[in-house]
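J.: The working numbering numbers the first residue of the sequence shown as 230 and each following residue consecutively.
Since the hints were made in silico from the structure, they are not lab data.
What you are looking at is a predicted structure, and each value in this text was computed from that prediction instead of being measured.
A virtual CB, placed ideally from N, CA and C, is assigned to each residue, including glycine.
Each hint should be verified, as a subset may be incorrect.
Unchecked claim - In silico lysine to aspartate or glutamate, EDC-like type, Cα no more than 20 Å apart, as pairs:
{"no.": "1", "residue 1": "K632", "residue 2": "D513"}
{"no.": "2", "residue 1": "K983", "residue 2": "E1021"}
{"no.": "3", "residue 1": "K470", "residue 2": "E446"}
{"no.": "4", "residue 1": "K372", "residue 2": "E336"}
{"no.": "5", "residue 1": "K470", "residue 2": "E452"}
{"no.": "6", "residue 1": "K326", "residue 2": "E362"}
{"no.": "7", "residue 1": "K354", "residue 2": "D323"}
{"no.": "8", "residue 1": "K632", "residue 2": "E592"}
{"no.": "9", "residue 1": "K983", "residue 2": "E949"}
{"no.": "10", "residue 1": "K331", "residue 2": "D358"}
{"no.": "11", "residue 1": "K787", "residue 2": "D738"}
{"no.": "12", "residue 1": "K331", "residue 2": "E362"}
{"no.": "13", "residue 1": "K786", "residue 2": "E741"}
{"no.": "14", "residue 1": "K491", "residue 2": "E394"}
{"no.": "15", "residue 1": "K787", "residue 2": "E592"}
{"no.": "16", "residue 1": "K342", "residue 2": "E290"}
{"no.": "17", "residue 1": "K654", "residue 2": "E675"}
{"no.": "18", "residue 1": "K786", "residue 2": "E757"}
{"no.": "19", "residue 1": "K372", "residue 2": "E315"}
{"no.": "20", "residue 1": "K342", "residue 2": "E315"}
{"no.": "21", "residue 1": "K721", "residue 2": "E741"}
{"no.": "22", "residue 1": "K470", "residue 2": "E426"}
{"no.": "23", "residue 1": "K470", "residue 2": "E489"}
{"no.": "24", "residue 1": "K491", "residue 2": "D464"}
{"no.": "25", "residue 1": "K786", "residue 2": "D705"}
{"no.": "26", "residue 1": "K632", "residue 2": "E593"}
{"no.": "27", "residue 1": "K654", "residue 2": "E643"}
{"no.": "28", "residue 1": "K786", "residue 2": "D739"}
{"no.": "29", "residue 1": "K326", "residue 2": "D358"}
Claimed, not checked - Cβ-Cβ distance ranges computed for the label pairs, FRET-style:
{"no.": "30", "residue 1": "V507", "residue 2": "A634", "range": "24 to 32 Å"}
{"no.": "31", "residue 1": "I428", "residue 2": "G525", "range": "54 to 62 Å"}
{"no.": "32", "residue 1": "G376", "residue 2": "A329", "range": "30 to 38 Å"}
{"no.": "33", "residue 1": "Q271", "residue 2": "R403", "range": "43 to 51 Å"}
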Amino acid sequence: MAWRPGQVPSEDTVVPSNSQPSFRGAGSGPGDVESYRKLIEQASDGILVVDGQGICLEINEAGALLLGMAQGEIAGLRLSDFVAPEELARFNVDFDKVRAGKALVLERILRRKDGSTFPVEVSAKRLSDGRIEGILRDITGRKQTEGRLRQSEERFRVLTAAAFEGIVISEHGRIVDVNDQFALMYRTDRASLVGCEVISLVAPESRDVVADRIKHEIEEPYEHRALRRDGTVFDIEVRAKAVTWDGRRVRVTAVLDVTERKRAEAVLRESQARLSLVFENAYDPLALYGVEEAGGYRLLMINPAFLRTASQRVGQTLTAGELLGRSYEYLVRKVLLLDERAIAASREHLDEAARTGKVVRWEETQQRATGQISSERIDIPVYDGQGRCGHVLRVVHDVTERKRAEGERAALLERVRSQSDALLKFSLDPVVTAGDVPAAARQITEMATRVTGAERASIWLFEPDAVTIHCVDRYDRIAGLHTADTTIDLSKYPAALAVLTNGRTVVLDDVELDPGMSPLLRDVPQAENTGSALATAIRVGGRVIGAAWIATVGRLKKWRPDEIAFGGAVGDHMAQAILNAEREQSTRSLHELAGQLMQAQDEERRRIGRDLHDSTGQLLAVLEINMAMLSRTAVGLDAKAQALLQDCIAQTKQCANSIRTASYLLHPPLLDEMGLVSAIQWQLDGFRRRSGIPVEAELPAGFVRLPAEDELSLFRVLQEALTNAHRHAGSTWVRVGLEQPPGAVLLTVSDNGKGFHPAALALSRDGGSRLGVGLAGMRERLRQLGGQLEIESDSTGTVLRASVPSRQRVTGASRPPGGAP
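Throw the hints in and build the complete structure from the sequences for me.
T.: Following this line, the structure appears as C-alpha cells:
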C-alpha cells in the first residue's frame, strides 16, 4: 500500500524509537491502568490516540481491524494517511478545531491499508496532556440503511410527482402528506396542506358523503365537489384505499380533477341534442346502418326526409316501424325494389367505408316517372370507443339541379369559346384587315350561322340618304348560298327603320309577333318563314351605317345572353372591317399623294438644276469672260485696283463652280445620260473632295440600266446615307456596294460611325420618323417601287441596304454631261 503524508500543522515531531505507546486512563496506579487498557481492548469501537501533530500513538484492536492493519503497524504513522483524499481539506480544519480544545462528533470517509474506503462516525476530543483521542465507529450498515430509505423515499416522491392524479395521505381525517399535483389542483403549496382536515377541502354540499366514506373506509370510486382556499368549487373523482404505513393505519386517496370532463360531457349532451335536431330536420335523406359481425348491415335510424323519399320511390306511404331494424338486403330488395346492379354498387360502397374507415362519395342516376334524378351518396364510417367501425351513416344529396347547371355551364363555356375563336379568326383574316368589305361580309355571315346554329345571316349598309338600305351579303346555311341583290326603302317601314337604327341589339323571339319588323319581312321574299332573329346595328364613329341580321327559319329560338352578346360583336367586327376598308383607302390615297409629291419634287429639282446650269451658270460664265477681258485692258490701274479685279474674277469662278455643283446635286445629268453606276462614281468623287472621308466602292462593270425612277430612288438613298455618315455619324470611312442579284438590285452603304440610337431605330422600323424625314422619304420612295430600306446600326457603325425589283429600262435620253463639280 502506498502511504502519502497528509497535510498537518507540523511535521517535525516524532515518537522516540525506544518509547512504547500505552493507553493512559484517569487512574494513576498500575491496576487502574491495566483495567482501563482491558476495557479499551474489549471495546467494539475503534479508539485511536494521536499527538498534537497528528502522529498515531496508540490504537485498540477494534480500531486496527477497522483500518485493516495490525496494532503494531500503526504507531508512528500520520492520522492523515487514513483519511480519504477528498476529505483531507475538511480533516485539516477539523483537526485544528480539536487541537484548540473543541470536542467534535462528525462523519467522515477513511481508507484502509488496502485502499478501500468506508464511512465512520468520529468522536474527537483533546486530553489533558495535549494528546487527542478519537473514537471510530463504522457506520457502513447505517449508511446503507439510510441509502435504502432515501431511495425508497425518492421512489415514492418520483411516483407521486409523476402521477397524473393528486395523491393525499391522511390519518384520522387529517392530511399527512400530498404530492405536487394535489397542491397544484388546490392552487396552494404542499406545506400549507399538511396537517389540515380533509373535510375542509370539501364543498359543503358534499361533506356528509365524504365523511361517511372516510369513516367506513369505502374504497369504491365516487365524485364530489371540492373547495379551494380561495373559495372556488370544482369537480373531482376520488379513489381511496386504507393501508398500513410506517406502522400506522392511513388512507391513501387519488384525486382527479374532472371539471373539464364534466364540462365536455355537458357540451357532448348539448351537441348530441343539436345533432339529433339536425338529423331529424335535415333536407337530405339520412340513414344510419349498424355494422354486424357477420358483415351485414341493419337500419337503425332514419330521418323524415329518408322516409319521405322512400315513400315516393315505392309509391306508397311508409312508416319508420316498417323500416327500422330491417337488414340492408331486405330494405333494398323488398322495400326500395332496387335492381341487382344498383344493389351491388350500393353494397360495395358501404363495405368500402366500413373496411377502410374513409368517407366514400359516389353518384347514382335513377330514372323515375318525373324524369332522370341524379344524387350524390356519401357513406361516412362512425367509430365506437374501441376504435371499431360500428356504424355507417349514408347521406343522399339530390344533385339533379347541380348537374343540370353544370351541363349548362359547360355548354356556355363551349359556346363562348367557339364565339371568341370565330371572332378572333375573323379579325385576323387578311381579307378583313385588307379592307375587302364584300369578302368580310361573306365570311361573317357564314361564321354567324355556324356559331349560333341559325339558318340565315345578312349584312346591310345604308345608302347616303340614311333611309335606303342595301344587302352586302346574305347567307342561307341550308342552301349554302350567298346572295346580295336586295335594296329596301325603309321610309315605307318607319318602325323597322327605328329598330335598325336604335344603336343596340334587338332580340326578336318571334318575328311574326313583332309590330315593327313583321311588316317589312312579309314584303321581302328572301325573309319568308323567319322564326326568331337578332338585329344588331353597325356603328362607325357613333353613327349607325347598317345592320347585321341573324335569323332562324321555320322554328322559334330562345336567344341566350351569350348569343345576344355575340350578335352585338358581329356588328362591331363588321364595323371594324368597314373601318379597315376606309383606312386602306386612305393609306392608298396617302401613298399615291406621297408618290406624286416625290415625283413633283424630283421634277422641281430637275428644273431648278437645269435653270441654275442653263441661266445662272451661263450668266456667271459670261461675267467671268468679260472680267477676264477687262483685266487684260486695265493695265493702267494701280496695284490695289488690279488686286481687287483679280479677286472678283476668282469669286466669280468659285460661284460658277458652286452653282454647277448645286445643279448637279439637285439632279445629276450623268444619271440620265450615263446611268446609275456613273452617277454613283461621280457622287463619291465629289464626296471625297468635299468631306475628306475615304470611300471604297464596289460597282459592277456590266450594270443593266433600270427605269429612271428606280435609278433616281437608289441615287437619292445614296445621297442621304453619305450625308448622315458625314454630318451625324462622325465616320472615318465609307463603303458603297451595288449588286444586281437575280430579280433585284441592291445598294449597300456602310460606315464606322457612332450609329443610330436603338429606340430611334426601333421606331423607324415600326414606321416612325425619328431617324429624320430624309430616310423616311427614302422608305416611301422605295415602297412606291415595291422595294424596301433596311438599316442595321450599333455603336460600331451602320449598314444601310436599299433594294428594288429588277426591271430593265425601256427608253432613255442621251445627252452629254454638263461637267463635274
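J.: Indicate, hint by hint, whether the structure satisfies it.
T.: To see whether the hints hold, each was checked on the structure:
no.: 1; hint: K632 to D513; verdict: holds, 17 Å
no.: 2; hint: K983 to E1021; verdict: holds, 12 Å
no.: 3; hint: K470 to E446; verdict: holds, 7 Å
no.: 4; hint: K372 to E336; verdict: holds, 11 Å
no.: 5; hint: K470 to E452; verdict: holds, 15 Å
no.: 6; hint: K326 to E362; verdict: holds, 13 Å
no.: 7; hint: K354 to D323; verdict: holds, 11 Å
no.: 8; hint: K632 to E592; verdict: holds, 11 Å
no.: 9; hint: K983 to E949; verdict: holds, 16 Å
no.: 10; hint: K331 to D358; verdict: holds, 15 Å
no.: 11; hint: K787 to D738; verdict: holds, 6 Å
no.: 12; hint: K331 to E362; verdict: holds, 12 Å
no.: 13; hint: K786 to E741; verdict: holds, 13 Å
no.: 14; hint: K491 to E394; verdict: holds, 16 Å
no.: 15; hint: K787 to E592; verdict: violated, 32 Å
no.: 16; hint: K342 to E290; verdict: holds, 15 Å
no.: 17; hint: K654 to E675; verdict: holds, 13 Å
no.: 18; hint: K786 to E757; verdict: holds, 16 Å
no.: 19; hint: K372 to E315; verdict: holds, 18 Å
no.: 20; hint: K342 to E315; verdict: holds, 17 Å
no.: 21; hint: K721 to E741; verdict: holds, 18 Å
no.: 22; hint: K470 to E426; verdict: holds, 18 Å
no.: 23; hint: K470 to E489; verdict: violated, 25 Å
no.: 24; hint: K491 to D464; verdict: holds, 8 Å
no.: 25; hint: K786 to D705; verdict: holds, 17 Å
no.: 26; hint: K632 to E593; verdict: holds, 12 Å
no.: 27; hint: K654 to E643; verdict: holds, 16 Å
no.: 28; hint: K786 to D739; verdict: holds, 8 Å
no.: 29; hint: K326 to D358; verdict: holds, 17 Å
no.: 30; hint: V507 to A634: 24 to 32 Å; verdict: holds, 26 Å
no.: 31; hint: I428 to G525: 54 to 62 Å; verdict: holds, 56 Å
no.: 32; hint: G376 to A329: 30 to 38 Å; verdict: holds, 34 Å
no.: 33; hint: Q271 to R403: 43 to 51 Å; verdict: holds, 50 Å
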